[in-house]
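Asker: In case you want the letters, here they are:
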Amino acid sequence: MTKYIVRRLLGAIPVLFGLSIVLFAFIHLIPGDPATAILGQHATAQRIAEMREYLGLDDPLPVQYVDYLAGLLQGDFGRSFINNQPVLGEFLRRFPATVELTIAAMIFAVGVGIPLGRFAARYAQRWPDGAVTVLSLLGISIPVFVLGLTLQYIFAVQLKVLPASSRIDARLQLDLQTNFVLIDAWLHAGWTFDEKVDAFVDGVRHLVLPAIALGSIPLAIITRITRASVIEVANEDYVRTARAKGLTERRIDGRHIMRNAWLPVVTVIGLQVGGLLAGAVITETVFAWNGVGRWIVDAIGNRDYFVVQSTILIFALIFLMVNLIVDIAYAFLNPRIRYA
Amino acid sequence: MEGTQLGQIPAKATTGAGQGAVDEVDLTPVRTYWQLARQRFMQHSLAVVGLIVMAILVTLALVVPTITGSLYAKTSLSLANHPPSLLNPFAPLGYDSIGMNVFIRLVKALQTSLFVGFSAVSIIVVVGITVGAIAGYVGGAVDNLLMRLVDVVLSLPSFFLIVMMVALFGTGNAIVVIVAIGIVGWTTAARLVRAEFLSLRETDFVQAARALGAGDRRIIVRHMLPAAMAPVVVAATLGIADSVVVEATLSFLSFGISPPEASLGNMLTNAQEFFYRQPILILYPGLTLILVVLAASFMGDGLRDALDPRQRVRK
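From first to last, the protein sequence lines are chains A and B. Counting along the first sequence from 1, when you hit position 228 you're at 228 in my numbering, and nothing is skipped either side. Counting along the second sequence from 1, when you hit position 215 you're at 1215 in my numbering, and nothing is skipped either side.
Wrong hints could be hidden among the right ones.
Unchecked claim - Derived lysine to any residue pairs resembling SDA-like cross-links, with alpha carbons at most 25 Å apart: (1) A:Lys160 - A:Leu172; (2) A:Lys160 - B:Lys1074; (3) A:Lys3 - B:Lys1074; (4) A:Lys3 - A:Pro14; (5) A:Lys3 - B:Asn1144; (6) A:Lys160 - B:Arg1148; (7) B:Lys1074 - B:Leu1198.
What the hints assert, rightly or not - Where chain B lies over chain A, by a calculated footprint (3+ residues, C-beta under 8 Å): (8) 92–99; (9) 133–146; (10) 287–300.
What the hints assert, rightly or not - Anything over 12 Å on all C-beta distances counts as not near chain A; from chain B, calculated: (11) Ala1061; (12) Pro1084; (13) Gly1139; (14) Gly1140; (15) Asp1151; (16) Leu1156; (17) Glu1202; (18) Ala1211; (19) Pro1259; (20) Ile1290.
What the hints contain is simulated information worked out from the structure, not anything from laboratory work. In this text, a Cβ means the ideal position worked out from N, Cα and C, and glycines have one as well.
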């Protein structure tokens, strides 16, 4: 097992290395000069030359790449061209917002998807099953931003029951320490317990709509997979045996069916994480959510090279790690799988 | 079954459309793979609905913008925010905040989306088949190298790469959007073709072709590719839905196709701006997008069942 993990970790290195070259080459091959982009069209030639020198853009490309890579290995992911802030610091500051949103979306998708899938499996080929299938088809087919806008319209504009955007009511003036709003609500100094509860509830209320929008596609996929998996396992001989020896349905469900039906579900949950990161970009834009996704979109628009390079690299790293964790979780859940 | 009846209507329609031979073929016990596949497809009622919807959408997207020309970008402020009215045949969906005809714009946007969807999928299929065929046919080190490349591309956050390519190489350019989606999306098709080729390579008919002295190219193109197409056709159909959504998303984030050109995505961006005054503007592009995606998914599901030779034709 340890050997397998080490091998997978080592296998990720060439991928990341190759990716860093691709990203680096990519960005330097594009038309347009970053110095001009930063200073604007009306900057003097001299200012642009100074800026180019400051940014190291006049060095040969291989030198620039080696500098960049050396920086990466020391944890220096470069600085933003726009505000000169270190990329890593800004990423870490914003990342919790994205994680909070992603976790909420995942809780929604798993929390609703698995029961819904089991429900559909129990009534397989009858009308509840059909209804769930139609629902999950719709869930997959509605693009995140269309759903986001629709939810905003229904719940924020028309019914006015939930806030339309941002992470927390600005009037509360919450101190962001961890940048997990739901944690910071409790950490805020000088608030009474009731105020903390109010802030927490407000944070949750802001989370609901974006989490549903972001979680809809994983929800649909998890529902489908759970349904298919439960139906398949329920037809196994050992389930019939369990039923024949008189076990309660509840026990058959928990001990015999779900234990085995979990496997494909876990895999699919893991596979959704990459999609969630992409979906987070869109969700964050629709709901004015101050996370990594919006930042990266802004950075791309501003041609903020290091921000783009580094965040995509970090995302790829997260993506690889998540896949590894899923594979390991898979091995734990299924003793029949041996990783040599 | 109601579903079967529904499915048979278009089957009759195609019979009427100048294919007199179909009746004869139906009487003979021998039917080709593709004839069987078509029959199975027609029995899949949702797939047929998908096909009809897609056909209507494609026809609309081809015909209306040709007639209306550049009207989709025409603004007339005097008509701004004119509400939708079925009584007005020229603007059944009304006018938006700067007086653009919503219906004409919507159909133009549909055209853009379908164009991007179909073109991107063409790139995906061509690149995927080429890489997959080479990897599966040649095998060995070449196969290994190409499949590692696939692994690398698959391990990347694909949406970000597409956004980046589009933003850096030409925001607002449909061709760049198409190429970007194609470059990132070919891996699934390549894997499918490779898997088919690995097993086809060992089959008797390929051995026979080789024994008869057929060259590599002939074996690949004439013998193996037709047999490997089924999963690719399914993946391509489903890929249309994905590509359309990616394009709309890019345009929504204002990296894709930008006004005055019309795209379902940028119509939604515009609608978001006028959320409170004309919320209904979200509905049209949103529903159109969902319709395209659903039609393509249903067709893909139907094709998956139809192209699987183990599925039997219901009589």
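Asker: Taking the hints in turn, state whether each one holds.
Answerer: Verification of the supplied hints:
Only pairs whose Cα atoms come within 25 Å are accepted, and Lys160 (chain A) paired with Leu172 (chain A) is accepted, the gap being roughly 19 Å. Between the alpha carbons of Lys160 (chain A) and Lys1074 (chain B) the distance comes to roughly 36 Å, so the proposed pair goes past 25 Å and is violated. Restraint check for Lys3 (chain A) and Lys1074 (chain B): the C-alpha separation of about 65 Å exceeds 25 Å, so the hint is violated. For a cut-off of 25 Å, the pair hint linking Lys3 (chain A) to Pro14 (chain A) stands: about 18 Å separates their Cα positions.
For the suggested pair Lys3 (chain A) and Asn1144 (chain B), the alpha carbons sit about 22 Å apart, so the restraint of at most 25 Å is met. Restraint check: the Cα-Cα separation between Lys160 (chain A) and Arg1148 (chain B) comes to about 51 Å, which exceeds 25 Å; the hinted pair is violated. With a C-alpha separation of about 55 Å, the suggested pair Lys1074 (chain B) and Leu1198 (chain B) falls outside the 25 Å cut-off, and the hint is violated. Here's how the region 92–99 of chain A fares: 0 of its residues keep a CB closer than 8 Å to some CB of chain B, so the rule of at least three is not met and the hint is violated.
Counting residues of the region 133–146 of chain A whose beta carbon lies closer than 8 Å to any beta carbon of chain B gives 9, which reaches the threshold of three, so the coverage claim holds. For the region 287–300 of chain A, the stated coverage by chain B is satisfied: 3 residues place a CB nearer than 8 Å to a CB of that chain, which reaches the threshold of 3. Listed as a non-interface residue, Ala1061 (chain B) keeps its Cβ farther than 12 Å from every Cβ of chain A; the least gap is roughly 18 Å. Interface exclusion of Pro1084 (chain B) from chain A stands, the closest Cβ pair being 17 Å apart, more than 12 Å.
At roughly 22 Å from the closest C-beta of chain A, the C-beta of Gly1139 (chain B) stays outside 12 Å, upholding its exclusion from the interface. With a least beta-carbon separation of about 20 Å from chain A, Gly1140 (chain B) lies farther than 12 Å from that chain, consistent with its non-interface assignment. At roughly 7 Å, the least C-beta separation between Asp1151 (chain B) and chain A is not larger than 12 Å, which violates its mark as non-interface. For Leu1156 (chain B), the non-interface assignment is contradicted: its Cβ lies about 6 Å from the closest Cβ of chain A, within the 12 Å cut-off.
Once the 12 Å rule is applied to beta carbons, Glu1202 (chain B) is consistent with being away from chain A; the minimum gap is 27 Å. At roughly 39 Å, the least C-beta separation between Ala1211 (chain B) and chain A is larger than 12 Å, which holds for a residue marked as non-interface. For Pro1259 (chain B), the shortest C-beta to C-beta distance to chain A comes to about 16 Å, beyond the 12 Å cut-off, and the non-interface label holds. The claim that Ile1290 (chain B) is not at the interface with chain A is violated, since a C-beta of that chain comes within 12 Å of its own (minimum 5 Å).
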